[in-house]
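Given only the sequences and the hints, what does the whole structure look like? Please build it.
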Amino acid sequence: MKHCLILIALFFLTPLVIPLFAKTKLTPVAMAYLNNLKVEAKKEDPSFQYFSVQKGQDLFQKEFMHSRKKKNRSCQTCHKKPTSTGRHERTGKVIQPLAPSANRKRFVKKSKINKWFKRNCKWVLERECTAKEKGDFLIWAFSL
Amino acid sequence: MKKSLSKTLLLALSLSLILLLPFIAFSDSDDDEGEDHEWHSNLRHGYSKHLSPAVDPLYQQECGACHFAYQAGLLPKASWEKIMDGLDQHFEEDASLSSEHASAIQEYLYANSAENSSARFSKRILRSLEGATPLRISDIPFFKHEHREVGTRVLARKSIRSWANCSACHTTAKRGIYDEKYIQIPR
Numbered sequence: 001m002k003h004c005l006i007l008i009a010l011f012f013l014t015p016l017v018i019p020l021f022a023k024t025k026l027t028p029v030a031m032a033y034l035n036n037l038k039v040e041a042k043k044e045d046p047s048f049q050y051f052s053v054q055k056g057q058d059l060f061q062k063e064f065m066h067s068r069k070k071k072n073r074s075c076q077t078c079h080k081k082p083t084s085t086g087r088h089e090r091t092g093k094v095i096q097p098l099a100p101s102a103n104r105k106r107f108v109k110k111s112k113i114n115k116w117f118k119r120n121c122k123w124v125l126e127r128e129c130t131a132k133e134k135g136d137f138l139i140w141a142f143s144l
Numbered sequence: 001m002k003k004s005l006s007k008t009l010l011l012a013l014s015l016s017l018i019l020l021l022p023f024i025a026f027s028d029s030d031d032d033e034g035e036d037h038e039w040h041s042n043l044r045h046g047y048s049k050h051l052s053p054a055v056d057p058l059y060q061q062e063c064g065a066c067h068f069a070y071q072a073g074l075l076p077k078a079s080w081e082k083i084m085d086g087l088d089q090h091f092e093e094d095a096s097l098s099s100e101h102a103s104a105i106q107e108y109l110y111a112n113s114a115e116n117s118s119a120r121f122s123k124r125i126l127r128s129l130e131g132a133t134p135l136r137i138s139d140i141p142f143f144k145h146e147h148r149e150v151g152t153r154v155l156a157r158k159s160i161r162s163w164a165n166c167s168a169c170h171t172t173a174k175r176g177i178y179d180e181k182y183i184q185i186p187r
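So the sequences go chain by chain: A and B.
Residue 58 in our numbering sits at position 58 of the first sequence; the count goes up by one each step and never skips.
Residue 165 in our numbering sits at position 165 of the second sequence; the count goes up by one each step and never skips.
For the record, the hints were derived by calculation from the structure and aren't laboratory data.
These numbers were taken from a predicted model, which means no experiment stands behind them.
In this text, a Cβ means the ideal position worked out from N, Cα and C, and glycines have one as well.
It cannot be assumed that every hint is accurate.
Claimed, not checked - Below 25 Å or equal to it, Euclidean Cα-Cα: the simulated DSS-like pairs (lysine-lysine) are: (1) A:K55 with A:K23; (2) B:K158 with A:K80; (3) B:K82 with A:K115; (4) B:K82 with A:K118; (5) A:K81 with B:K158; (6) B:K82 with A:K122; (7) A:K42 with A:K115; (8) B:K181 with B:K144; (9) A:K112 with A:K122; (10) A:K69 with B:K158; (11) B:K158 with A:K62; (12) A:K71 with B:K158; (13) B:K158 with B:K181; (14) A:K70 with B:K158; (15) B:K181 with B:K49; (16) A:K110 with A:K42; (17) B:K158 with A:K122.
As the list claims (entries may be wrong) - Simulated restraints, written as ranges between beta carbons of each label pair: (18) A:S47 with B:A156: 23 to 33 Å; (19) B:P186 with A:Y50: 24 to 34 Å; (20) A:M65 with B:A156: 15 to 25 Å; (21) B:H147 with A:K23: 43 to 53 Å; (22) B:E81 with A:K81: 34 to 44 Å.
Here you go:
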């Protein structure tokens with residue numbers, strides 16, 4: 001019962017809190033996605049309160065030494081400057097801007113967001129990202 | 001009265017069709033304009049000059065995210081089979097798909113593989129492979145021969161990076177056109 005109330009409260013509160021960070025209006029998909037991440041983040045760490053734009057930027061920039069490749073990898077390796085085009089490190093293919101302010105087609109499909117968080121976090125961190133990391137990353141992207 | 005109405009309708013319909021035609025035919029064009037006449041000379045001597053473009057939207061979305069979406073006619077069916085069987089370890093990347101998406105893409109690739117393509121290049125690719133089934137287009141002897149003059153220093157440029165990046169040099173690659181006159185090697 002208590003659980004249920006918290007969920008309902010979260011559901012109604014997030015639309016009020018999140019837009020404070022956002023420069024670009026959150027897509028309905030991104031909004032629902034963040035609400036889910038909040039619930040997950042709370043499960044991962046009961047003391048969880050907010051996602052952080054700063055932590056999102058830190059994750060984007062942080063270099064991780066790859067255990068097999070012996071080379072530093074980061075989200076920036078491919079996405080470069082998030083408000084302009086990036087380039088895939090291995091294939092050279094141009095990647096459209098990651099920031100929704102520069103690319104309206106960003107974060108509009110749940111299955112796509114899921115798939116690329118999984119692939120890219122494994123590529124860079126050699127593990128999946130936590131819900132907290134994903135939430136930080138998303139609100140940072142919408143703050144640009 | 002009725003007759004003139006249907007006449008106007010017919011006129012409007014045919015007009016909009018004519019206006020729409022270029023969009024239907026070249027809906028995925030994002031580069032170059034000058035080679036439309038190429039299509040008229042496409043079917044010559046019983047085979048086509050160019051590869052059929054990879055227009056399947058699911059294929060474009062899933063297999064065109066990390067690199068250029070290669071036309072199915074660039075590899076034999078057995079090569080595509082090997083590629084589709086190893087997507088979780090795809091050149092050290094995770095390119096895995098849901099089983100519905102995988103089978104839809106397989107269907108597209110197998111139906112349009114080099115064996116089923118009428119393109120001149122598909123024939124030459126098959127002939128040069130002599131039954132081999134590589135995972136890479138860039139490992140095909142015909143490919144290596146055609147590209148023998150491109151040095152490794154050129155390939156290493158940030159704007160190119162890899163043989164996998166066909167469209168970096170072949171400005172019309174998306175339309176299945178690899179003619180020399182549309183090649184522009186970036187700096």
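Hints versus structure:
no. : hint                          : result
1   : A:K55 with A:K23              : holds (17 Å)
2   : B:K158 with A:K80             : holds (13 Å)
3   : B:K82 with A:K115             : holds (22 Å)
4   : B:K82 with A:K118             : holds (24 Å)
5   : A:K81 with B:K158             : holds (16 Å)
6   : B:K82 with A:K122             : holds (24 Å)
7   : A:K42 with A:K115             : holds (22 Å)
8   : B:K181 with B:K144            : holds (19 Å)
9   : A:K112 with A:K122            : holds (15 Å)
10  : A:K69 with B:K158             : holds (19 Å)
11  : B:K158 with A:K62             : holds (22 Å)
12  : A:K71 with B:K158             : holds (17 Å)
13  : B:K158 with B:K181            : holds (23 Å)
14  : A:K70 with B:K158             : holds (21 Å)
15  : B:K181 with B:K49             : holds (14 Å)
16  : A:K110 with A:K42             : holds (20 Å)
17  : B:K158 with A:K122            : holds (24 Å)
18  : A:S47 with B:A156: 23 to 33 Å : violated (49 Å)
19  : B:P186 with A:Y50: 24 to 34 Å : violated (44 Å)
20  : A:M65 with B:A156: 15 to 25 Å : holds (23 Å)
21  : B:H147 with A:K23: 43 to 53 Å : holds (45 Å)
22  : B:E81 with A:K81: 34 to 44 Å  : holds (40 Å)
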